[in-house]
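K.L.:
Read off the chains here:
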Amino acid sequence: MSDLTATNQQILDFQAQLEAQDTSFPMLSVLNNDGQIVDEEALKRADLSDEDLVNIIKRMLLSRQLDIRSTKLAKQGRFGFFAPTAGQEASQMASSYAFNDDDWLMPGYRDIPEIVVKGWPIWKAILWSRGHVLGNEFTTEEGKPVNAWMPQIIIGAQYVEAAGIALGLKKRNKDAVAYAYTGDGGTSQGDFYEGMNFAGAYKANAVFFAQNNGYAISTPRSLQTAATHLAAKGWAAGLPSIVVDGNDPIAVYLAAKEARAWATSGKGPVFIETLTDRLEPHSTAGDDPLRYRKQADIDAWWQKEPLIRMRKFMTEKGIWSEEQESAYIDEVNALIDEQIKIADKVDKQKISNFIKHTLEVPGQAMTEQISKFESEGK
Amino acid sequence: MAVKSYIDAIREAMDLALEKDNDVVIFGEDVGENGGVFRATDGLQAKYGEDRVFNTPLAESGIGGLAIGLTTQNYRPIMEIQFFGFVFEVMDSIAGQMARNRFRFNGTRQMPIVVRSPYGGGTKTPEMHADNLEGMVAQIPGIRVVMPANPADAKGLLLSSIESNDPVVFLENLHLYRSLKGEVPEGYYTTPLDTAAVAREGEDVSIISYGGGVPVALKAADALAKNGVSAEVLDLRTVSPLDIKSIGDTVTKTGRVVVVQEAQRMAGIGANVMGEISERFILSLKAPIGRVAAPDSVYPFGQAENDWMIKPDDVVAKVMEVVNYD
Numbered sequence: 001m002s003d004l005t006a007t008n009q010q011i012l013d014f015q016a017q018l019e020a021q022d023t024s025f026p027m028l029s030v031l032n033n034d035g036q037i038v039d040e041e042a043l044k045r046a047d048l049s050d051e052d053l054v055n056i057i058k059r060m061l062l063s064r065q066l067d068i069r070s071t072k073l074a075k076q077g078r079f080g081f082f083a084p085t086a087g088q089e090a091s092q093m094a095s096s097y098a099f100n101d102d103d104w105l106m107p108g109y110r111d112i113p114e115i116v117v118k119g120w121p122i123w124k125a126i127l128w129s130r131g132h133v134l135g136n137e138f139t140t141e142e143g144k145p146v147n148a149w150m151p152q153i154i155i156g157a158q159y160v161e162a163a164g165i166a167l168g169l170k171k172r173n174k175d176a177v178a179y180a181y182t183g184d185g186g187t188s189q190g191d192f193y194e195g196m197n198f199a200g201a202y203k204a205n206a207v208f209f210a211q212n213n214g215y216a217i218s219t220p221r222s223l224q225t226a227a228t229h230l231a232a233k234g235w236a237a238g239l240p241s242i243v244v245d246g247n248d249p250i251a252v253y254l255a256a257k258e259a260r261a262w263a264t265s266g267k268g269p270v271f272i273e274t275l276t277d278r279l280e281p282h283s284t285a286g287d288d289p290l291r292y293r294k295q296a297d298i299d300a301w302w303q304k305e306p307l308i309r310m311r312k313f314m315t316e317k318g319i320w321s322e323e324q325e326s327a328y329i330d331e332v333n334a335l336i337d338e339q340i341k342i343a344d345k346v347d348k349q350k351i352s353n354f355i356k357h358t359l360e361v362p363g364q365a366m367t368e369q370i371s372k373f374e375s376e377g378k
Numbered sequence: 001m002a003v004k005s006y007i008d009a010i011r012e013a014m015d016l017a018l019e020k021d022n023d024v025v026i027f028g029e030d031v032g033e034n035g036g037v038f039r040a041t042d043g044l045q046a047k048y049g050e051d052r053v054f055n056t057p058l059a060e061s062g063i064g065g066l067a068i069g070l071t072t073q074n075y076r077p078i079m080e081i082q083f084f085g086f087v088f089e090v091m092d093s094i095a096g097q098m099a100r101n102r103f104r105f106n107g108t109r110q111m112p113i114v115v116r117s118p119y120g121g122g123t124k125t126p127e128m129h130a131d132n133l134e135g136m137v138a139q140i141p142g143i144r145v146v147m148p149a150n151p152a153d154a155k156g157l158l159l160s161s162i163e164s165n166d167p168v169v170f171l172e173n174l175h176l177y178r179s180l181k182g183e184v185p186e187g188y189y190t191t192p193l194d195t196a197a198v199a200r201e202g203e204d205v206s207i208i209s210y211g212g213g214v215p216v217a218l219k220a221a222d223a224l225a226k227n228g229v230s231a232e233v234l235d236l237r238t239v240s241p242l243d244i245k246s247i248g249d250t251v252t253k254t255g256r257v258v259v260v261q262e263a264q265r266m267a268g269i270g271a272n273v274m275g276e277i278s279e280r281f282i283l284s285l286k287a288p289i290g291r292v293a294a295p296d297s298v299y300p301f302g303q304a305e306n307d308w309m310i311k312p313d314d315v316v317a318k319v320m321e322v323v324n325y326d
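Residue numbers (full-length UniProt numbering), protein chains in the order written: chain G, 1 to 378; chain E, 1 to 326.
No lab work stands behind these hints, which were simulated from the structure alone.
We put the CB at the ideal spot given by N, CA and C, even for glycine.
You may find that some hints are simply not true.
[Stated by the list, open to error] Pair ranges (Cβ atoms, derived): (1) G:G377 - E:F86: 41 to 49 angstroms; (2) E:K219 - G:K348: 19 to 27 angstroms; (3) G:Q369 - E:F88: 27 to 35 angstroms; (4) G:Q369 - E:I282: 16 to 24 angstroms; (5) G:A285 - E:S284: 46 to 54 angstroms.
[As the list claims (entries may be wrong)] When the alpha-carbon atoms are kept at most 30 angstroms apart in a straight line, the in silico BS3-like pairs for lysine-lysine are as follows: (6) G:K350 - E:K286; (7) E:K253 - E:K286; (8) G:K58 - G:K317; (9) G:K203 - E:K286; (10) G:K378 - E:K245; (11) E:K20 - G:K171; (12) E:K226 - G:K372; (13) G:K267 - E:K253; (14) G:K72 - G:K350; (15) G:K372 - E:K219; (16) G:K317 - G:K345; (17) G:K174 - E:K20; (18) G:K174 - E:K219; (19) E:K226 - E:K4; (20) G:K257 - G:K317; (21) E:K47 - G:K171; (22) G:K378 - G:K350; (23) G:K144 - G:K372; (24) G:K174 - G:K44; (25) E:K4 - E:K219; (26) E:K20 - G:K203; (27) G:K356 - E:K245; (28) G:K174 - G:K203; (29) E:K226 - E:K318; (30) E:K318 - E:K286; (31) G:K118 - G:K144; (32) G:K317 - G:K348.
[Stated by the list, open to error] Chain G regions said to be covered by chain E (calculated; three or more residues, Cβ under 8 angstroms): (33) 51-65; (34) 130-137; (35) 161-168; (36) 171-181; (37) 187-196; (38) 240-249; (39) 273-286.
Generate coordinates for the entire structure from the input sequences, incorporating the hints supplied.
P.N.:
Okay, here's the thing in structure tokens:
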């Protein structure tokens, strides 16, 4: 090999390339698991006021409470499909805190909390889970439009659609982005790449998140791809791509905020991998994680979940207390109780409306069916 | 009225739509500077700019997602799938997303998207460029499937499709692009969706067809006239949802029906038409319904396609069977 030029030798050194991938994606970290700041300058750059920090921990607690209550309700048959979120509060709620009302949220099926904090009433989320289409009217309680779509079931579709929204925002010269969420399993989908690639090619206003929570139902992250970091996949589409401690609310917020600023400045999309863990089953539909992972592993991740460090940090700072937390949890539970009541009172759906909402102008056979069902009061 | 080719009529419709409505945008593989591989969008980027007419990366699912996303910013996307055989790559965007979104949002959001795509055989394309896959998309609730059979309809139906708030799969017959010419009215006009048209009046038998099957049916009707058989040809124009009333009108008029499609017997729209006739108009029939369709094999591209595709003689033979039945 001594006759090769240094460049050619480097090119043909496949092992070195694999090692370079390994070392190219260090993890952004600001608040460690003990609640200590590991980078004071990064904290300053995040520019979070005490009020912001309180808002973020409240959103995380809202999410945790929604998770606990939804799981219970699902077991009682009063909530439809629910994908638990415990452990992902930083990845979901601290990231979404960096976006505003004008931004467009494209969620996956585990991202109900992000839509709720954008203004989608909880009673609509409950209806969505039950398959009641009234839940899918994306307006706030006051009737203001919520720039979000229902949680995407076909994993990856939210990425290609986010690219379209992002291009539209750019064409309309809006100071806004499309932000989309998927999981580690989602990064194996073709649409995941197509979405980032399209948004990248148009330098469109998008921020893409992959919440690497360790498992796609039962398939571990290690079996999804040979890529050592999911972030490497963003490079293939030419996007700035980073790995963030997904259990560190401040790091996640900082990454999201900087990505949003980059994407709205005309430089194109950013891809963020948040490293976290799905502490609970895939869904309330009978998944048992102990069939594919060890209890000790789950227990270890529970010690690293994001609320622990956020509580420690904020208590130390003197801006959060056990009393405040229990008062807030009571408030959230009262809200959820009230929202369940609203959802339970909604009228039964009509088959004639299903047909009416399928096409704006129905066909002849559809019109016949609308009349038939209406005459039967259905 | 000027005589124009089918593809010129399609281009003219897009030109008029871009001129009339600033929210109309056109995108797809090679539709920009190159004007599309068939020149359907020739000159449109130069006239309306890259903001309105632009190329996409080579990925059909991405094109579909782009269209859906753009509707949120009040655009009216016309997306081109370069050949309809590539539709499998974008089936989730079409069937899983755009067709379902109006329902999903409880009627509160619209999907004013036109999916333009060429289909149909007889031009010696490579594999997956010529299949008649309309039956597959016609089975999806929430989306229209429009298949014009002449230049005037191609223009008017495309403008109606662009105006529609519902998603439309607009299928253009590849073989007819340049081979079929006809009179095309000047200026902006729309031709109603969901409405069939009598392409030729007749008394003895009804030939019901659509898209590329219509010129085949019309040639057969010419030949039949020489044998003293007066055939009516009904052009469905929109193949989903069906214009059942017009089907009923011609069936009750002649009492004898032959359904003609370029798609394989097990595919296409013919079975839907026969189903509606059987359910609603069977007592008007004087003979069993005849059917002309391609064989139930995979589309044999290249050398054998002309042997495999339906021909006017096949229609003539089937019509004679149906007419002579008593």
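K.L.:
Now tell me if each hint is right for this structure.
P.N.:
Now for the hints, and whether the structure bears them out:
Take G377 of chain G and F86 of chain E: their Cβ atoms lie about 45 angstroms apart, and the range 41 to 49 angstroms holds. Separation of K219 of chain E from K348 of chain G is about 55 angstroms and departs from the stated range, judged on CB atoms against 19 to 27 angstroms. Under the hint 27 to 35 angstroms, the C-beta atoms of Q369 of chain G and F88 of chain E, about 30 angstroms apart, fit the expected range. Taken as a hint, the range 16 to 24 angstroms holds for the pair Q369 of chain G and I282 of chain E, whose Cβ atoms sit roughly 21 angstroms apart.
Evaluation of the 46 to 54 angstroms hint for A285 of chain G and S284 of chain E yields a pass: the beta carbon distance comes to about 51 angstroms. Proximity of K350 of chain G to K286 of chain E is assessed by CA-CA distance (about 41 angstroms); at most 30 angstroms being required, the pair is judged violated. Between K253 of chain E and K286 of chain E the alpha-carbon distance is near 11 angstroms, which keeps this suggested pair within the 30 angstroms criterion. Restraint check for K58 of chain G and K317 of chain G: satisfied, since their Cα atoms lie roughly 16 angstroms apart, inside the 30 angstroms limit.
With a C-alpha separation of about 64 angstroms, the suggested pairing of K203 of chain G with K286 of chain E is violated against the 30 angstroms cut-off. Annotation: proposed proximity of K378 of chain G to K245 of chain E holds, straight-line Cα distance about 26 angstroms (limit 30 angstroms). Taking the CA atoms of K20 of chain E and K171 of chain G, the gap is about 19 angstroms. The hint holds against a cut of 30 angstroms. Pair hint K226 of chain E plus K372 of chain G does not hold up; C-alpha atoms about 47 angstroms apart against a cutoff of 30 angstroms.
Distance check on the hinted pair: K267 of chain G and K253 of chain E sit about 65 angstroms apart at the alpha-carbon level, beyond 30 angstroms; violated. About 28 angstroms separates the Cα atoms of K72 of chain G and K350 of chain G, which keeps this hinted pair within 30 angstroms; it holds. Between K372 of chain G and K219 of chain E, the direct Cα distance comes to roughly 41 angstroms. Violation of the 30 angstroms bound is thereby established for this hinted pair. Between the alpha carbons of K317 of chain G and K345 of chain G the distance comes to roughly 44 angstroms, so the proposed pair goes past 30 angstroms and is violated.
For the suggested pair K174 of chain G and K20 of chain E, the alpha carbons sit about 24 angstroms apart, so the restraint of at most 30 angstroms is met. Proposed proximity of K174 of chain G and K219 of chain E is contradicted: the alpha carbons are some 55 angstroms apart, above 30 angstroms. A distance of roughly 28 angstroms separates the Cα atoms of K226 of chain E and K4 of chain E; the hinted pair therefore holds under the 30 angstroms criterion. The hinted pair formed by K257 of chain G and K317 of chain G meets the criterion: a straight-line CA distance of about 23 angstroms does not exceed 30 angstroms.
Between K47 of chain E and K171 of chain G, the direct Cα distance comes to roughly 18 angstroms. Compliance with the 30 angstroms bound is thereby established for this hinted pair. As the CA atoms of K378 of chain G and K350 of chain G are separated by approximately 5 angstroms, the hinted pair is consistent with the 30 angstroms bound. For the hint pairing K144 of chain G with K372 of chain G, the CA-to-CA distance comes to about 35 angstroms; that exceeds 30 angstroms, so the pair is violated. Our distance criterion of 30 angstroms between C-alpha atoms is met by K174 of chain G and K44 of chain G, whose separation comes to about 28 angstroms.
The hinted pair formed by K4 of chain E and K219 of chain E meets the criterion: a straight-line CA distance of about 20 angstroms does not exceed 30 angstroms. Restraint check for K20 of chain E and K203 of chain G: the C-alpha separation of about 28 angstroms stays at or below 30 angstroms, so the hint holds. With a CA separation close to 20 angstroms, the supplied pair K356 of chain G and K245 of chain E stays within the 30 angstroms bound. For the hint linking K174 of chain G to K203 of chain G, the alpha-carbon distance of about 14 angstroms falls within 30 angstroms, and the restraint holds.
Restraint check: the Cα-Cα separation between K226 of chain E and K318 of chain E comes to about 16 angstroms, which is no more than 30 angstroms; the hinted pair holds. The suggested pairing of K318 of chain E with K286 of chain E holds, with an alpha-carbon distance near 15 angstroms, which does not exceed 30 angstroms. Distance restraint check for K118 of chain G and K144 of chain G: the Cα-Cα separation of roughly 11 angstroms lies within the 30 angstroms cut-off, and the hinted pair is therefore satisfied. Taking the CA atoms of K317 of chain G and K348 of chain G, the gap is about 50 angstroms. The hint is violated against a cut of 30 angstroms.
Taking a C-beta to C-beta cut-off of 8 angstroms, the stretch 51-65 of chain G contributes 0 residues in contact with chain E, too few for the three needed, and the coverage statement is violated. Note: the stretch 130-137 of chain G has 4 residues with beta-carbon separation from chain E under 8 angstroms; the three-residue rule is met and the coverage holds. Coverage of a stretch by a chain is defined here by at least three residues with a beta carbon nearer than 8 angstroms to that chain's beta carbons; for the stretch 161-168 of chain G and chain E the count is 8, and the condition holds. Against chain E, the stretch 171-181 of chain G contributes 4 residues with a C-beta closer than 8 angstroms to a partner C-beta. That satisfies the three-residue criterion, and the hint holds.
Taking a C-beta to C-beta cut-off of 8 angstroms, the stretch 187-196 of chain G contributes 4 residues in contact with chain E, enough for the three needed, and the coverage statement holds. For the stretch 240-249 of chain G, the stated coverage by chain E is violated: 0 residues have a C-beta nearer than 8 angstroms to a C-beta of that chain, whereas at least 3 were required. Restraint check on the stretch 273-286 of chain G versus chain E: 0 residues with Cβ-Cβ distances below 8 angstroms, three needed, restraint violated.
The structure is inconsistent with the numbered hints 2, 6, 9, 12, 13, 15, 16, 18, 23, 32, 33, 38 and 39, although it conforms to all the rest.
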